[in-house]
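Visitor: Those protein sequences? They're chains R and A, same order as listed.
According to the working numbering, the stretch in the first sequence is residues 1 to 302, in order.
According to the working numbering, the stretch in the second sequence is residues 1 to 297, in order.
Calculated directly from the structure, the hints in this document are not laboratory data.
Backbone N, C-alpha and C define an ideal beta-carbon position, used for all residues, glycine too.
The reader is advised that the hints may include incorrect statements.
To be verified - Cβ-Cβ distance ranges computed for the label pairs, FRET-style:
1. V281/A x V48/R: 43 to 49 Å
2. V48/R x F14/A: 53 to 59 Å
3. A120/A x L199/R: 53 to 59 Å
4. V48/R x L123/A: 28 to 34 Å
5. S26/R x K202/A: 39 to 45 Å
To be verified - Computed, partial: chain R to chain A, Cβ under 8 Å:
6. V140
7. I146
8. I151
9. I242
10. Y262
11. Q263
12. V277
The chain contents come next:
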Amino acid sequence: MREPPGPAVEATPLVMPGRWSMLLRSLLHDPPALFGAVVVVGLIVVAVLAPLLAPHNPLTAYPSGLSRNGAPLAPGHGFALGTDPNGRDVLSRLIYGARISLTIGVVANGLATLIGLLIGLISAYIGRWVDTVLMRFTDVVMAFPILLFAIALIAVTGPSVTNLIFVIALLYWTYIARVIHGMVLSLKEREFITATRTLGVSRWRIMFRHVLPHLVPALIVYFTLGVASTILIEASLSYIGIGVPVPTPSWGQMISQGQDYYQIAPWLFIFPGIALVLTVVAFNLVGDWLRDVLDPTTPQRR
Amino acid sequence: MLVILFGVATVTFFVAYMVPGDPARMIAGPGATAGTIASIRHQLGLDEPLLHQYVVYMGRLLSGNLGISFLRKIPVSQAILQRLGVTAMIAVGGVVWELAIGIPVGIAAAWKPRSIWDRAGTLFALLGLSAPPFWLGLLLLYYLAFQHSFFPLGGIGHPLFWYLVLPTFTLGIGGAAWYTRMLRSSMLEILRSPYMQMARAKGMPNRILLFRHAMPNALIPLITMVGMDLAYFFGGVLIIEVVFGIPGVGQQAWRAVQVLDIPMIVGTVLLAAVFIVVMNVIVDLSYAFLDPRIRYR
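Based on the sequences and whatever the hints tell you, model everything.
Guide: Take a look at the structure:
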């Protein structure tokens, strides 16, 4: 008998319903997360395209930016969101501030996550005295209130964007370290790890080739949530005056400047604040959504 | 705990040691001769080797000596103690607000999931967590103290309580948001548990269900967090004090940073860290005390 005509192998449909479209669908069905994602993407776009989007130079003090008696201008023609006491355009500073805040937040958090990952992974997996020493060290660093200690460190090293990134990273890694430590402790006991150990695979290879991939979902979640925190920390430090040095615009710094004039020029502090809140909310929403999607069993942390 | 305290003191020492600039010159002031500076340096023991300075430092710490402030020329410990009362009041006030807002909203959200209470509560939690305290404080100052004079424009005065409302509220709102979330999720879990279902099946009125059975279990982890919050507020209070112009420990530390008054900065940081470590231990112990199900060690 002749075989009915047809493909010998089952045909793959043109559009594969794979993981990505599932993710997208989950995002589209979750309004808060969608809002957060849109804002985050928008922020990244603004940060990258800042020179194209900003109507004015954020650092230039325009003589036309001040009223006749030298007061900052309210939002209006020429300067969409008003000017600051130096005559600089608030909108442009807001846009460039997005670039600064986002960069510092992401880089500092990335560094912190890296440090935390390494310390948590190594201490939990190798165990014994290495674990004790590293975890005690983590406890010591955690004992310092972040803001106060950051102030002390920056007083020592001097205010600059690079120092800021390092200081934030050096204080923020402890949270990730603790979480990773807990996760690795439980992963260590799983059968597949015991199996690789029995096969004679070296400790380091096990750690990075076998344990690490299981940490990635949690890392993604905590990284996203962490960016929200590091952006807030940077804003707080800039507000106090030891963050991003003038005249480079930073939202926290703009709010601090706005404080001196809040009675006559409230737009100076209102807009950067809204930007901050939007950003932090967005990252939190995306982080929560990622947590639900990637690993509903991820432990909650402060 | 002792190990951690020791580590904290050591780290603080190294931070103080690494500061650029010459403390002797700072104390001597501008226009001092080289001889004066050298003698001050010798007095302070700054010309001794590192290990020697470290030992002396630790010894001084144990007797409670935190050094002399460059700016104010009085012992750091004394300066901090003078201002501790104000800061403590703000910290406590913040905790009060946290609980006063966080607990009711969290419980309401859990009691009626997916209702308007839940949605509003969750939204409130999200905003409270995301709004930077310094901005929120400024916003409140602007609308409630400046545009409409419900509250004073910052600082401290009489009646004290009135001056503290805005700062403590700003401080507490972040924690309130956090507690709302925590309480909501732990209440939801408890409400689903078998003993709650049993109680409901027995026909217990809602009020007793809520207050006698659900809440105590949900509140225990909260107690420990309150303790830690009290400790960590040392750091957060700085921002609040700067925003509202309150003469507390935080504002003093801030001024110290601006003029590089190292002993003050370092002393404040050290004290804050010690406070946190001690509170941590107290909180752990009280946790075991409050919940008989926990065997401590």
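Visitor: If a hint holds in the structure, say so; if it doesn't, say that too.
Guide: Hints versus structure:
1. V281/A x V48/R: 43 to 49 Å: holds, 48 Å
2. V48/R x F14/A: 53 to 59 Å: violated, 39 Å
3. A120/A x L199/R: 53 to 59 Å: holds, 55 Å
4. V48/R x L123/A: 28 to 34 Å: holds, 30 Å
5. S26/R x K202/A: 39 to 45 Å: holds, 40 Å
6. V140: Holds. Min distance 4 Å.
7. I146: Constraint on I146/R satisfied, holds at 6 Å.
8. I151: holds, 5 Å
9. I242: holds, 6 Å
10. Y262: holds, 6 Å
11. Q263: holds, 6 Å
12. V277: holds, 5 Å
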